[in-house]
Amino acid sequence: MGDYILLAVGAILVNNILLIQYLGNCPFLGTSKSMDNATGMAMAVVFVLALAGIVTWIFEAVFLKPLGLEYIRTIVFIVVIAALVQFVEIFMKKSMPALYAGLGIFLPLITTNCAVMGVCLINIKEEYNFLEMLVSSLAYPAGFGLALILFAGLRERITIGRVPGPLQDVAIALVTAGFMSLSFLGFKGMI
Amino acid sequence: MAKTIVQEFTKGLWEEIPPFRLVLGLCPVLAVTKTVANGVGMGVAATFVLVCSNVLVSMLRNIIPSQVRVPCFIIIIATFVVVVELVMQAFTYPLFLQLGIFIPLIVVNCVILGRAEAFASKNPPVASIADGFGIGVGFTIALGALAGIREAFGAGTISVPFSDTVIQLFGPSFEPFTFMVEAPGAFVCLGLMLAVMNMVGK
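Chains as they are written, first to last, in our numbering: chain A, 4 to 194; chain B, 23 to 224.
Hints are computed from structural coordinates only; laboratory data are not their basis.
Every residue gets a Cβ at the ideal spot worked out from N, C-alpha and C, and that includes glycine.
Be a bit skeptical, because a hint or two may be false.
[Stated by the list, open to error] In silico negatives: residues of chain A with every beta carbon more than 10 Å from chain B:
hint, residue
1, L9
2, L10
3, D39
4, T42
5, G105
6, G121
7, L137
8, L149
9, I152
10, G181
11, G192
[To be verified] Per label pair, the in silico range of CB-to-CB distance:
hint, chain 1, residue 1, chain 2, residue 2, range
12, A, S186, B, M81, 45 to 53 Å
13, B, I85, A, F182, 47 to 55 Å
14, B, V148, A, V82, 26 to 34 Å
15, B, I27, A, N132, 50 to 58 Å
16, A, M193, B, G136, 51 to 59 Å
Excised from the complex, chain A in its bound form (with noise of 0.2 Å):
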């Protein structure tokens, strides 16, 4: 018990998935302009990662693995990830409307989120069971809502501040973002 929520902390916090590991920063800076925004792609992201995760580790335990095809996990991952977006997207639209009318915008843009191929390529590379690989799946997203919420905060009060010109919009987003991952850098004493 207590390995998995040291796995759940230190994905959330101590390898923070956006501004540890450098993953998914396109819709960090692409989604972090309004809270609302911010809100949606990140709850999009944990409800995709955390099916994708799924999906993509028993791709690799049933297909990859016993066939010897590893080489084309690439491949695979992304047209499997890129599916199950759409699949998403049809199944909240006929079921979900109200979910889907806060997420939807937000769904196809995740095809390419590089953060959701990126933790089920951990998944894999860490070699985690189903348990750990579940846990990894949930606790990555949240990490990734939590720096994203927290930003987008941070951006609305830049907005309203004076920037001087050429740091402006993306270049001082950029800088904002070095100081909270100097800030989560900080919990890597906790594990």
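Fit chain B to the supplied structure of chain A, relying on the hints for placement.
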């Protein structure tokens, strides 16, 4: 679209240089720029994928139905990424280990999909090669420059790409500024580079 092939190439070097002008594909930019060798290696791998996928997308642009074009582009890109992955594993094994999961992640690099969608799917193959090569070279220069700054300050060295040579920049009493090679340094350094680009651009 009266641009010449040369113009298609050179726009990638300044006007549309990723990740500065097009803020896309940031993950590899931040993650692999701890050393110049890694940064340039990543840039070359991405350039190869970019040129090849641009050619194929451009040749197939009239065959692929527009409703399913994005999945088709992704499969084309993924195929070339696997090629790069296997070639690197065979010939540049240390670099392959250093770049780790960031090689398969070239698949989801938005620069490549962005060029397939915005350029190659609308233009003939020759122009697409020029575009892909220009953007790729620009991307490599950007990675090399960021990595150069980070490595010089963070470790006091410059590693020469595709060889084991490491040049020491400072004397033995140099204290490395490790902030630069850690995660925060990447963000701050890229942000400041972007600001300098904006200043020069205006």
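Evaluated hints:
no. : hint                         : in the structure
1   : L9                           : 21 Å, holds
2   : L10                          : 18 Å, holds
3   : D39                          : 21 Å, holds
4   : T42                          : 21 Å, holds
5   : G105                         : 23 Å, holds
6   : G121                         : 6 Å, violated
7   : L137                         : 20 Å, holds
8   : L149                         : 16 Å, holds
9   : I152                         : 18 Å, holds
10  : G181                         : 3 Å, violated
11  : G192                         : 14 Å, holds
12  : A:S186 to B:M81: 45 to 53 Å  : 49 Å, holds
13  : B:I85 to A:F182: 47 to 55 Å  : 49 Å, holds
14  : B:V148 to A:V82: 26 to 34 Å  : 30 Å, holds
15  : B:I27 to A:N132: 50 to 58 Å  : 53 Å, holds
16  : A:M193 to B:G136: 51 to 59 Å : 38 Å, violated
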